[in-house]
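Chains A and S, in that order, give the protein sequences.
For the first sequence, the positions run 1 to 180 when the working numbering is used.
For the second sequence, the positions run 1001 to 1180 when the working numbering is used.
The set of hints was computed from the structure by calculation and includes no laboratory data.
The beta carbon of each residue, even a glycine, is placed where N, CA and C say it ideally should be.
Worth double-checking, as some hints may not be accurate.
Calculated from the model, a selection of chain S residues having no Cβ within reach of chain A, i.e. all distances over 10 Å [claimed, not checked]:
(1) Gln1034
(2) Val1051
(3) Ser1062
(4) Thr1063
(5) Tyr1095
(6) Ala1096
(7) Cys1102
(8) Ser1110
(9) Asn1148
Listed next, the stretches of chain S that the computed footprint assigns to chain A, with coverage defined by at least 3 CB atoms under 8 Å from CB atoms of chain A [stated by the list, open to error]:
(10) 1065-1073
(11) 1128-1136
2 protein chains.
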Amino acid sequence: MNMVHPSVHPIEAPPFTDGGAGVPPNRSWMKDVQGMPGTPGGLALRFSQFVFALTSLSIMASTTDFIDASAFRYLVAAVALQSLWSLSLAIVDIYALLVQRCLRNSPLISFFTIGDGITSTLTFAAACASAGITVLLGNDLRACKDNNCRSFQTATAMAFISWFAASPSFILNFWSLASR
Amino acid sequence: MNMVHPSVHPIEAPPFTDGGAGVPPNRSWMKDVQGMPGTPGGLALRFSQFVFALTSLSIMASTTDFIDASAFRYLVAAVALQSLWSLSLAIVDIYALLVQRCLRNSPLISFFTIGDGITSTLTFAAACASAGITVLLGNDLRACKDNNCRSFQTATAMAFISWFAASPSFILNFWSLASR
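Kindly produce the complete structure, drawing on both the sequences and the hints.
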């Protein structure tokens, strides 16, 4: 029986691309942008979004009369959603950092972008609506004696800071999605 | 004296690229996306942003007591800026359509993106702040007898529609900038 004995030529192993879902070589600089999912910067952003949203929620919910204004009730709902979303993505980031896993594949980035877009828009809208009422009470009507203006202002400011921390996550994800 | 007489071979002319500032061939599908600067869709978006911002401005400015609330004054300023910006870009779009000029070079798209981002964020913030006060007056305090609730609501709704028309311009410009 004739058998072919192939000689073995060592060849270079192809680079590891995480199941074909890796970043194409010409876009590899996006890997190093801090703030993207799965980077320490991204985790820091998620953590600050979560902390400021939770602070805003706690301060607003601790006032007795937030229930009287629809905008304040909406702020509580929006920052609750923002804190849940940011906490979930912080956990995903911690997992990705621990197992050195790349989170930059297209469906995942699309999901992050849409989620960030929705939650940050809701948080910003709620913060603006609350700011409108807070300024009306404090500056226009000068009715701070009968209202917890200080708490309303602090909760609104925290919601704005949470939105401010959420925007880079959205912009970086959207940029990364568009530049594929 | 020896001279080389080169024979003339007809070669294909390179495609016209508008002074080197054209869209690279692999991105040429972006040319046809309606809503980009210099397209009829883009002009329609600018025109609707302008019309709704101007309507919001006129309705709010026609009320006698908008001056009492900071948020309503801010709405007037924000939709005035939005209408000026949209009108300017509508004129640029008309010029580009008339002379068949491509507006998609990087510095111009960056300028459009930043301008759209700023004006649409300001319009959205003003609309949300006005909505907060309008809902407070109409639903929470039931004080519509003494206030022009109908006008405030209509002006706020027009500002939201103007923002809604401004968002696709921003998203398409940002996408086009990132995908270069």
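Now for the hints, and whether the structure bears them out:
no.: 1; hint: Gln1034; in the structure: holds (18 Å)
no.: 2; hint: Val1051; in the structure: holds (23 Å)
no.: 3; hint: Ser1062; in the structure: holds (20 Å)
no.: 4; hint: Thr1063; in the structure: holds (15 Å)
no.: 5; hint: Tyr1095; in the structure: holds (27 Å)
no.: 6; hint: Ala1096; in the structure: holds (23 Å)
no.: 7; hint: Cys1102; in the structure: holds (20 Å)
no.: 8; hint: Ser1110; in the structure: holds (13 Å)
no.: 9; hint: Asn1148; in the structure: holds (15 Å)
no.: 10; hint: 1065-1073; in the structure: holds (count 4)
no.: 11; hint: 1128-1136; in the structure: holds (count 8)
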